[in-house]
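Trainee: Listed below are the residues making up each chain.
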Amino acid sequence: MTFELVCFYAFAAVAALAALSVISVRNPVVAALCLVLTFFSMACVWLLAQAEFLAVALVLVYVGAVMVLFLFVVMMLDVDLVPLREGFVKFLPVGIGIAVVMLVEMLMLIGVRAMQVAPGPDPAAAAGKSNIGWLGEVLFREFLLPFEVAALILTVGLIAAVPLTLRHRRGIKTQNPGRQVMVRREDRVRLVKMDAEGNREASP
Amino acid sequence: MIEFNPNDLRAVLPELVLLGATCAILLVDLFIKPAQRDITHWLSLLALAVTAVFVWNGFPVPGQGTLAFNGMFVHDGIAATLKLFILLTAALTFVYGRNYLGERGLRIGEFYLLVLFATLGMMLLVSAGSLITAYLGLELLALSSYALVALNRDSAVSAEAAIKYFVLGALASGLLLYGMSMVYGATGTLDLARIHASTGSLQHPNLLAIGLVFIVVGVAFKLGAVPFHMWLPDVYHGAPTAVTTFIGSAPKLAAFGMAYRLLEGGLGGLSAQWTLMLALLAVASLAVGNLFAIAQTNLKRMLAYSTISHVGFLLTGFVGATPAGYAAAMFYAISYALTAAVAFGMIALLARRGFEAEEIDDFRGLNQRSPWYAGIMAITMFSLAGVPPLFGFFAKLLVLKSAIDAGFLWLAIVAIVFAIIGLYYYLRVVKVMYFDAPADTESLPLPADRPLRWVISINGLALLALGFLWGPLFDWCNRAFGA
Numbered sequence: 002m003t004f005e006l007v008c009f010y011a012f013a014a015v016a017a018l019a020a021l022s023v024i025s026v027r028n029p030v031v032a033a034l035c036l037v038l039t040f041f042s043m044a045c046v047w048l049l050a051q052a053e054f055l056a057v058a059l060v061l062v063y064v065g066a067v068m069v070l071f072l073f074v075v076m077m078l079d080v081d082l083v084p085l086r087e088g089f090v091k092f093l094p095v096g097i098g099i100a101v102v103m104l105v106e107m108l109m110l111i112g113v114r115a116m117q118v119a120p121g122p123d124p125a126a127a128a129g130k131s132n133i134g135w136l137g138e139v140l141f142r143e144f145l146l147p148f149e150v151a152a153l154i155l156t157v158g159l160i161a162a163v164p165l166t167l168r169h170r171r172g173i174k175t176q177n178p179g180r181q182v183m184v185r186r187e188d189r190v191r192l193v194k195m196d197a198e199g200n201r202e203a204s205p
Numbered sequence: 018m019i020e021f022n023p024n025d026l027r028a029v030l031p032e033l034v035l036l037g038a039t040c041a042i043l044l045v046d047l048f049i050k051p052a053q054r055d056i057t058h059w060l061s062l063l064a065l066a067v068t069a070v071f072v073w074n075g076f077p078v079p080g081q082g083t084l085a086f087n088g089m090f091v092h093d094g095i096a097a098t099l100k101l102f103i104l105l106t107a108a109l110t111f112v113y114g115r116n117y118l119g120e121r122g123l124r125i126g127e128f129y130l131l132v133l134f135a136t137l138g139m140m141l142l143v144s145a146g147s148l149i150t151a152y153l154g155l156e157l158l159a160l161s162s163y164a165l166v167a168l169n170r171d172s173a174v175s176a177e178a179a180i181k182y183f184v185l186g187a188l189a190s191g192l193l194l195y196g197m198s199m200v201y202g203a204t205g206t207l208d209l210a211r212i213h214a215s216t217g218s219l220q221h222p223n224l225l226a227i228g229l230v231f232i233v234v235g236v237a238f239k240l241g242a243v244p245f246h247m248w249l250p251d252v253y254h255g256a257p258t259a260v261t262t263f264i265g266s267a268p269k270l271a272a273f274g275m276a277y278r279l280l281e282g283g284l285g286g287l288s289a290q291w292t293l294m295l296a297l298l299a300v301a302s303l304a305v306g307n308l309f310a311i312a313q314t315n316l317k318r319m320l321a322y323s324t325i326s327h328v329g330f331l332l333t334g335f336v337g338a339t340p341a342g343y344a345a346a347m348f349y350a351i352s353y354a355l356t357a358a359v360a361f362g363m364i365a366l367l368a369r370r371g372f373e374a375e376e377i378d379d380f381r382g383l384n385q386r387s388p389w390y391a392g393i394m395a396i397t398m399f400s401l402a403g404v405p406p407l408f409g410f411f412a413k414l415l416v417l418k419s420a421i422d423a424g425f426l427w428l429a430i431v432a433i434v435f436a437i438i439g440l441y442y443y444l445r446v447v448k449v450m451y452f453d454a455p456a457d458t459e460s461l462p463l464p465a466d467r468p469l470r471w472v473i474s475i476n477g478l479a480l481l482a483l484g485f486l487w488g489p490l491f492d493w494c495n496r497a498f499g500a
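Read top to bottom, the protein sequences are chains C and H.
So the first sequence is numbered by my numbering: it starts at 2 and just counts up by one.
So the second sequence is numbered by my numbering: it starts at 18 and just counts up by one.
No wet-lab data here; the hints were simulated from the structure.
Watch out, some of these pointers could steer you wrong.
Stated by the list, open to error - One-sided excerpt, in silico: chain C residues whose CB lies under 10 Å from chain H: (1) 107; (2) 135; (3) 145; (4) 147; (5) 150; (6) 153; (7) 154; (8) 157; (9) 161; (10) 162; (11) 164; (12) 165; (13) 166.
As the list claims (entries may be wrong) - So the derived label-pair ranges between C-beta atoms look like this: (14) 221(H) / 131(C): 31 to 37 Å; (15) 168(C) / 195(H): 36 to 42 Å; (16) 127(C) / 48(H): 22 to 28 Å; (17) 107(C) / 214(H): 23 to 29 Å; (18) 73(C) / 195(H): 26 to 32 Å; (19) 31(C) / 214(H): 48 to 54 Å; (20) 168(C) / 444(H): 44 to 50 Å; (21) 297(H) / 54(C): 41 to 47 Å; (22) 433(H) / 104(C): 41 to 47 Å.
Even glycine gets a Cβ: it sits at the ideal position worked out from N, Cα and C.
All chains should be built: construct the whole structure from the sequences, respecting the hints.
Mentor: The following block contains the structure:
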């Protein structure tokens, strides 16, 4: 057993255990953190498969951005998930039964055993390029059109979020920095000439 | 460095023009006041018109499609024809919805932008040459549609419709994607033409067959065929009428294009399997659509169930898996999109501030209020029902003929029986318009702006005219499929 294989089994086991705890722990914050662990272990598995760029992207994008956002939402909403899970034990036998039947059906239909083929040659290595170089070329040459369309989909998400959430409220007190800067002394201070009040008797 | 092939760019020129125009409108709209929204309106119509001109100029030679971007994008007569009608129905949406949206404070720039982006998604979808372009085009359309349905966010009905649409749409996308992954696993390619070519010589044909089942389910979801139709009535009912006009018309053309690209373009080698699946979906859609429509009192819901039954007819064109059948189905999709646009536009025409005109009873005595628009609505209902000599009749006739030629006589008989049952609820609208007294006489004048009146009249009369002149359009469809 090589060192790589040991590493693979270790990371795969951690990923599977963490994924299991995502759906089984009571505290949603802990569940989100377990999901982070799952992503992290999977990134390590990808590193073993020499897909460095994807591994780094997974950690940066999913762990760094998406999951942090998730944690914020979970903490802010403070959802009590326990009522949602009521009856889990009651429905467990039925669920397991259906899952087993489906698994057996799919294994028989697809015939997984007959399909065990060794993975093909690494396309990046075959082209004599680094992993990220090969990925970049494929993405911006062969898959250029889908790549751009995916960018459009993100734009639509951005545009759609505006009418669904933006509310113009009246009567809220906000600062206008422009007007704050433009303000002159005369607008704020009023000098009033008054007679001195010295000739009045001081009260005892 | 990215290298562009000029031929690739020429093939996607209409899409590039529409995208550039949409981005320009996005920027212009930021700098205008709500009272000047007409600028956005006319610019959007101009963008659609210019795009249509580019589609027309780049119309490919019939029967000779070209591939662009490594086979990701197909530029052929089928795609170009569908694109022209998609652009036309999108423009109708803008015209019909202008007043309706203005009266409800929904006439915001985002409505125009989302419709334009959805149109772009549909144009990419009907030109899809690989599984990945098909999926991305579909998502561009779907994401814009979800947001459009939720545009009236203070209405509980709209919010419910949008949530249902979003959840079921996401489920459908998931199923479609799962099927696509199976197909990729079986064939090792995402390219539809290569999938078609490799169908006969596969190591694991079962995997491809499972992928096919999921793809058929995904397509049926998007078309709204029974038993995957649950979202349709709620979405049509809950969305603002202007949005329903859009969702009810142009996406049917795109869904036809998607079904053709995926089923015939990619999985044509398995047509023996999927024709039977589609025949069963067609029968279920015809039965459920026509029977449930009878019980509706809300016109938008009734038209939703009528859509389901029309999807049944559309699928009837597919069962032969022949070019003639596809041409008939495309003719049917065009006829349905143009007719549905008038039906929903008429609801928008009768609606006014604080009054939706979406119940069938709201059309009571329309003949006394305005004989002209009652006549247009009657033409529309008769065309939907398939009464000769209207557009809808010939669409039904051609689809049934193709099914009989393909040996599906039983399906044609079922379709005719349910079409006759369906006649009842279309005629009920006509009866209400002509033989019932108007509910409130003070609402006599019809509150509509001039472009809406003119365009809906032309659109309605076109249904009558195309009933007599359907030949050239059908020849055009036939040429696109090389039949």
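Trainee: Look at each hint and say if it fits the structure.
Mentor: Going through the hints against the structure:
Annotation: residue 107(C) was flagged as interfacial toward chain H, and the flag holds, the nearest CB pair being 8 Å apart, inside 10 Å. Against a cut-off of 10 Å between C-beta atoms, the interface hint on residue 135(C) is violated, since the closest Cβ of chain H lies about 15 Å away. With a cut of 10 Å, the hint placing residue 145(C) at the interface with chain H holds, because the nearest CB-to-CB distance is about 6 Å. Interface restraint check: residue 147(C) against chain H, minimum CB-CB distance 5 Å, threshold 10 Å, status holds.
At about 4 Å, the closest approach between the beta carbon of residue 150(C) and any beta carbon in chain H falls short of 10 Å, and the interface hint on this residue holds. Interface restraint check for residue 153(C): the shortest CB-CB distance to chain H comes to about 6 Å, inside 10 Å, so the restraint holds. Using the Cβ-Cβ criterion of 10 Å, the hint placing residue 154(C) at the interface with chain H is satisfied: the shortest such distance is roughly 5 Å. About 5 Å separates the beta-carbon of residue 157(C) from the nearest beta-carbon of chain H, less than 10 Å, and the hint is met.
For residue 161(C), the shortest C-beta to C-beta distance to chain H is roughly 3 Å, which falls under 10 Å, so the interface hint holds. For residue 162(C), the suggested interface contact is upheld, since its CB lies about 8 Å from the closest CB of chain H, less than 10 Å. The closest approach between the C-beta of residue 164(C) and any C-beta of chain H is roughly 4 Å, which is under the 10 Å cut-off, so the hint is satisfied. Hint on residue 165(C) holds. Least Cβ distance to chain H is approximately 6 Å, under the 10 Å limit.
Interface hint status for residue 166(C): upheld, as the beta-carbon distance to the closest one in chain H is roughly 9 Å, under 10 Å. In this structure the hint that residue 221(H) and residue 131(C) lie 31 to 37 Å apart at CB holds, the actual value being about 33 Å. Between residue 168(C) and residue 195(H) the beta carbon distance is about 38 Å. The supplied range of 36 to 42 Å therefore holds. Between residue 127(C) and residue 48(H) the Cβ separation comes to about 52 Å, which falls outside the hinted range of 22 to 28 Å.
Checked against the hint of 23 to 29 Å, the C-beta distance between residue 107(C) and residue 214(H) comes to roughly 27 Å, which is consistent with it. Range check, residue 73(C) to residue 195(H): Cβ separation about 31 Å, and the 26 to 32 Å hint holds. In this structure, residue 31(C) and residue 214(H) meet the distance hint of 48 to 54 Å, their C-beta atoms being roughly 51 Å apart. Between residue 168(C) and residue 444(H) the beta carbons are some 46 Å apart, a value that agrees with the proposed interval 44 to 50 Å.
In this structure the hint that residue 297(H) and residue 54(C) lie 41 to 47 Å apart at CB holds, the actual value being about 46 Å. Look at residue 433(H) against residue 104(C): about 44 Å separates their beta carbons, and that is inside 41 to 47 Å.
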